[in-house]
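Keeping their order, the protein sequence lines are chains V and D. One point on numbering: in my numbering, the residue at position 192 of the first sequence is 192, and numbering is uninterrupted. So my numbering is basically just the index in the second sequence, starting at one, shifted up by 1000.
It should be emphasised that the hints constitute simulated quantities derived from the structure, not laboratory data. Treat the hints loosely; a few may be bogus.
Derived lysine-lysine pairs resembling BS3-like cross-links, with alpha carbons at most 25 Å apart [claimed, not checked]:
no., chain 1, residue 1, chain 2, residue 2
1, V, Lys247, D, Lys1190
2, D, Lys1281, V, Lys231
3, D, Lys1132, D, Lys1167
4, V, Lys282, V, Lys231
5, V, Lys239, V, Lys282
6, D, Lys1284, V, Lys250
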Amino acid sequence: MKASLLGVIDATTYFDSMEELLTHRCLAAVPFAGRYRLIDFILSNMVNSGIESVAIFPRFQFRSLMDHLGSGKEWDLNRKRDGLFFFPSPGLEVMEEGIGSFSHFAHHMDYFDRSQQQYALISNCFTVFNMNFEPILNRFINENCDIMMISHHGQSMDMYLVKKSLLVQLIQTRKITGYRCMQDVVEDQNSRLTICLYEYEGFVKKITSIASYYQASMDVLERDNWSALFKDGQPIFTKVKDEPPTKYTKSAIVKNSIIANGCVIEGTVENSVIFRGVKIEKGTVIKNSIIMQKSQIGKDCHLNGVIVDKNGQIKNGVSLEARNGFPIVLPKGAKQGELMKS
Amino acid sequence: MGVLTQYQPLVLNSYIGIGSAWDLDRKNGGVTVLPPYSESSTMKWYSGTASAVYQNLNYLRQYDPEYVLILSGDHIYKMDYCQMLEFHIEKGAEATISVIEVPLKEASRFGIMNTNEKMEITEFEEKPKIPKSNLASMGIYIFNWDLLQDCLEKDNQDPLSSHDFGKDIIPTLLRKRRRLYAYPFSGYWKDVGTVQSLWEANMDLLEEECGLNIFDQSWRIYSVNPNQPPQSIGEHAVIQDSLVNEGCVVDGYIHHSVLFQGVVVDEESYIKDSVILPNTKIGKYCTIERAIITCDLPEHTEIRGYDLMEIPLVTQDNLHQWIA
């Protein structure tokens, strides 16, 4: 029964409110929690729930996503049968249609027709959580549902379980019914379908803006949340880099932080998320910040409430402090402190 | 690449797998694990380094190589073997042995190569009382394939041989006046065949100028990555002068130590000058100094390696000695 579920990930979403982190990558490839990309969470949950065939529907800037996922090896999805599939959107027409656009699916009907699985799980790509879908499928079958909506605190998680035959029918009849996506179907008051609801109690963070990205990152610093996200037996998989361990020098002071591998920490780090291969030099104090992979922070800097995107370079003595609780974002490859010298 | 294994092969076999972690899962070549095997009626264990290679000559024959590089699995160093091979070819050597300069006063602990000015080896002395040079063999050999086949077959016939490259093969070749050269290597090199030296090698990594740069992007040390979450460092944790790997959850004090992946150090525990092996949980109020820990430690465990002659290796089997 395990293998009877298809995984469908809608990776087309773009939020204007996250623009600064999306100039070089799609939402699914946004780095999170020191070593992951947002898509790692849904993809790992699917694999941990026994799903063996996953289709990803990307749209914007998906080079970084392709690079990250590769053949799907890290998720054990490099298979002869089933495995990982990419179905980019063929047209450039705007499709503001909610999660799981039927017209996008319609371009790739073969996937749904050929697969043997009886059910499909349709999900967004921007939720940080660690959830096993097996109990949900069991309830779906026991309660004889047509569609099951997954919610958290009474709000839709933009995740739906659906009979595959029904999904195929919904895609094919979209022009007659007017349904553009799963949300349209479940919100139709006149629908004769059996729509069930599954309330999920665990740790869930939707990343829909810079503010929610920052807050979710800070939330993961709390040990209870960390444990809820990184459970024994349900690992979150990601593309592995061969980084050495992180080096803490004699002058390092690190408190309440998440630190990835390959870093060299000579300064002070508090309440922060430090990604892979970051260098933090002596005399620097970093608080309430997110420093993404390969960024280099010079000596005697002071950063508070700052998101430094990948490959950021901050020269000696730079001071940046967020105002009104809204984080300062330094875009990918940004250089800070150059102008001050000249 | 063939990996010769003998004792307790399970961990190594599953670690190497098909070699994917090192990009060795290839159609041609790749990595092959070569354990001892039984031949008709008799089980032939590898009695020495040379016998291990001798028993796998068939593996080498299928590749019909020009040169064969023979290495030890328990040495820590970074070396470009291409440069050694170039040296071997340039010198017209039949066999080349990599050597490293050691302090003369320590030379009597090593196999010492005496050479002429062209680096041709004139004499090999195993642990000489009065060393004539400070060039120690690193146990790294390049052989011309025909010479290797020939000398291994002859060595196998010799009932007095212990079938070891250092003890038997090299001295025999020198007696026969074959062209053996010493390739001088400079850089970090450490044989970690003992608990003491394994501990030392880990401590060496904490030195500013240890010579083994594990952070060099152009010469990465590949490894099987266990897919652990990032480190979670607690509110009251202190970590200084240490290396900490993925999946660690640290709430205690870590000074001048190496923590492997998935190590948990609970609050009020103190770790100094120690090596904590993977997936080990150190309970509250523990004190660990100068030790290697391989198993979970209950609360209030005290291991003070400074009071001991040897570095303690704490395992599940001897843990009871440490708990009051």
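Does the structure keep lysine 1281/D and lysine 231/V at a Cα separation of 25 Å or less? At roughly 16 Å apart (the allowed maximum being 25 Å), lysine 231/V and lysine 1281/D satisfy the hint.
Do the alpha carbons of lysine 282/V and lysine 231/V lie within 25 Å of each other, as the hint requires? 34 Å, violated
For lysine 239/V and lysine 282/V, compute the direct alpha-carbon distance and say whether it is at most 25 Å. 30 Å, violated
Check the hint pairing lysine 1132/D with lysine 1167/D against an upper bound of 25 Å on the C-alpha distance. 18 Å, holds
Holds or violated: lysine 247/V to lysine 1190/D, with C-alpha atoms at most 25 Å apart: 21 Å, holds
Between the alpha carbons of lysine 1284/D and lysine 250/V, is the straight-line distance 25 Å or under? At roughly 24 Å apart (the allowed maximum being 25 Å), lysine 250/V and lysine 1284/D satisfy the hint.
The structure shown violates the earlier hints numbered 4 and 5.
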